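A.B. asks: What follows is the residue order along each chain.
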Amino acid sequence: MALLELRDVYKTFPAVRGGQAVEAVRGVDLTVEAGEIVGIVGYSGAGKSTLVRLINALESTTSGSVRVDGQEITTLRERELRQVRLGIGMIFQQFNLFSSRTAWGNIAYPLEVAGVPRQEQHQRVSDLLHFVGLADKAHSYPDQLSGGQKQRVGIARALATSPSLLLADESTSALDPETTEEVLALLRRVNRELGITIVVITHEMEVVRSLAHRVVVMEAGRVVEEGRVLDVLSEPQRPVTRRFVGTIVDDEPDAETLAALRERHPGRFVKLSFRGHDVRQSEVFGRLLRHDVRFELVYGGIEEVQGDTFGNLTLALDGAPAAVEAAIRDVQDLVPTKELG
Amino acid sequence: MDLDTNLSQLWPLVWQSTYETLYIVAITLVLGGLLGLLLGLALYVTRRGGLYESRVANAVLNVFVNFFRPIPFVIFIAAVQPLARVVVGIGIGNRAIIFALTLAAAFGISRIVEQNLVTVDPGVIEAARSVGASRPRIIRTVLIPEALGPLILGYTFVFVALVDMSAIAGVIGGGGLGNFALQYGYRQFDTVVTWTAVLIIVALVQVVQLTGNTLARRVLRR
Ligand SMILES: Nc1ncnc2c1ncn2[C@@H]1O[C@H](COP(=O)(O)OP(=O)(O)O)[C@@H](O)[C@H]1O
Ligand SMILES: [Mg+2]
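Quick note, the sequences are listed as chains R and F, same order. Quick note on my numbering: the first sequence kicks off at 2 and runs consecutively. Quick note on my numbering: the second sequence kicks off at 35 and runs consecutively.
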């Protein structure tokens with residue numbers, strides 16, 4: 002049984018004086034298996050935040066079904082929902098730490114809510130502070146912590162009641178690249194070491210690439226594409242997905258870049274696409290070397306995704322026309338190629 | 035300036051009046067403060083997006099507060115005198131003044147409380163909801179602690195305003211420093227007596243303001 006199951010979920014915000022009603026989520030189906038990390042990506046206003054807030058019922062669902070661990074939550078009352086929320090952690094873009102409480106006090110809060118005895122609280126908070134590497138900051142207030150430290154406190158707080166599901170809404174968007182990597186690494190540990198299922202929302206494809214197993218693309222309240230990260234990155238179907246993929250993967254040079262490259266590099270331009278482990282670069286280049294051609298790598302790159310590699314490399318091949326033609330033919334059996342005009 | 039003064043015979047009355055002012059203001063601050071806190075909380079939580087969002091309740095509360103708050107205090111005393119007779123059993127004297135002050139303070143404080151609560155980051159309330167905290171618990175353990183610094187400053191401000199308002203107590207036979215200054219200073223052309231009362235009031239206000247600032251600073255850790 003899936004840990005999370007959304008069926009035909011709608012969320013409409015009623016019109017406020019003079020305005021129009023907003024259909025933030027329109028007919029979303031989503032299944033998340035236990036142990037997965039799912040990335041939900043989309044532009045601002047796509048309905049991502051609203052969608053996750055339906056999962057822990059911070060917003061009420063207009064219609065459709067939301068099942069958490071098999072339990073339908075759309076029909077529960079506030080009192081019962083509080084119980085469900087104890088089993089779902091959440092972290093936020095702006096961290097949302099209680100400024101009147103120390104790091105310790107922040108992490109202890111969910112335990113107080115859950116009615117955990119003092120002695121146990123003590124042990125748990127201490128363990129969590131160690132897990133997130135902030136044992137020395139236990140008595141610091143949020144305004145004495147850096148952004149990365151605040152988010153680590155946020156993560157510890159979200160994990161306090163040992164939830165099975167963690168919701169992360171733009172949890173690294175307020176952080177610099179280095180700190181982002183730290184927080185993503187911590188989230189990977191949360192998933193691997195604690196077996197916690199994670200739903201990350203982001204507008205940064207890089208976060209999806211480095212963290213998620215599966216990606217869901219949202220546009221205007223709908224899921225427009227989903228699949229394994231490697232598949233979606235290597236063969237994006239929808240324009241919005243292609244734009245997102247384009248932010249982290251160099252596909253091929255645009256016309257202007259191509260013209261500039263041609264001035265500096267002689268020969269024919271060929272794009273080679275690598276997908277997963279099927280083809281080794283060494284094999285492809287080995288084949289090219291059998292022919293009497295010179296080649297240069299002029300554009301592209303190789304990405305790492307969940308242990309797989311993929312990417313596009315554009316080569317400029319120079320030499321006798323017949324030799325170049327033979328070389329291109331030769332590698333065509335190994336990888337998809339495309340001649341750039 | 036004529037400094038002919040009766041001050042030397044009036045010292046016992048000075049201390050009696052100081053005590054009365056403190057007593058009136060303190061009781062008012064506690065009762066009005068509590069009432070104002072509840073009213074302010076109600077104004078806040080019924081707002082759009084609030085924990086107990088209710089357009090009707092919020093509109094009713096707003097009309098209610100806006101109706102009473104602008105009434106000048108000296109008129110307010112007279113207006114609530116019949117109510118004072120019912121509630122505290124008497125329409126004149128310190129008890130009646132405390133009653134009127136408490137009501138007036140509650141309306142004023144409710145706005146101060148509401149304004150300070152609005153500055154609390156909605157994100158922290160969301161965070162508390164996300165871990166399954168109940169709404170009353172959120173009010174008690176998140177909302178008020180997060181707004182505590184400004185709330186203390188707000189209540190300090192109210193204390194000073196109450197000292198000011200309590201000076202009018204004499205009109206319904208209440209006591210205190212204000213009444214003392216008017217009766218034994220101003221009406222007797224005894225400038226020294228007037229200024230003695232003034233200085234005590236100033237000293238009192240200073241001490242309270244300083245205490246409030248210190249407390250707020252400690253809470254805000256600045
Ligand atoms: N509480 C709300 N009331 C009214 N409209 C809202 C509310 N929350 C979000 N919306 C609207 O719903 C749409 C989706 O917003 P959101 O879920 O925050 O998108 P995202 O997280 O993808 O940027 C937006 O048009 C936004 O203005
Ligand atoms: Mg959002």
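Since the hints were made in silico from the structure, they are not lab data. In this text, all values refer to a predicted model and were calculated from it rather than measured experimentally. One or more hints might be untrue.
Listed next, the in silico SDA-like pairs over lysine to any residue satisfying Cα-Cα at most 25 angstroms (straight line) [said to hold, decoys possible]:
1. LYS138(R) x ASP155(F)
2. LYS138(R) x PRO179(F)
3. LYS138(R) x PHE107(F)
4. LYS138(R) x ARG251(F)
5. LYS138(R) x ARG255(F)
6. LYS272(R) x LEU259(R)
A.B. asks: Holds or violated: LYS272(R) and LEU259(R), Cα atoms, limit 25 angstroms.
C.D. replies: With Cα atoms ~12 angstroms apart, LYS272(R) and LEU259(R) stay inside 25 angstroms; holds.
A.B. asks: Verify the proposed pairing of LYS138(R) with ARG251(F), using a straight-line Cα cut of 25 angstroms.
C.D. replies: holds (22 angstroms)
A.B. asks: Between LYS138(R) and PHE107(F), is the straight-line Cα distance small enough, at 25 angstroms or below?
C.D. replies: violated (51 angstroms)
A.B. asks: Given the hinted pair LYS138(R) and ASP155(F), is their alpha-carbon gap at most 25 angstroms?
C.D. replies: Cα-Cα ~23 angstroms, so holds.
A.B. asks: Compare the distance between the alpha carbons of LYS138(R) and PRO179(F) with 25 angstroms, and conclude whether the hinted pair is satisfied.
C.D. replies: Measuring from Cα to Cα gives roughly 21 angstroms; hence the hint holds.
A.B. asks: Would the pair LYS138(R) and ARG255(F) pass a check requiring their Cα atoms to be no farther apart than 25 angstroms?
C.D. replies: holds (17 angstroms)
In terms of the numbered hints stated before, the structure departs from hint 3 and from no other.
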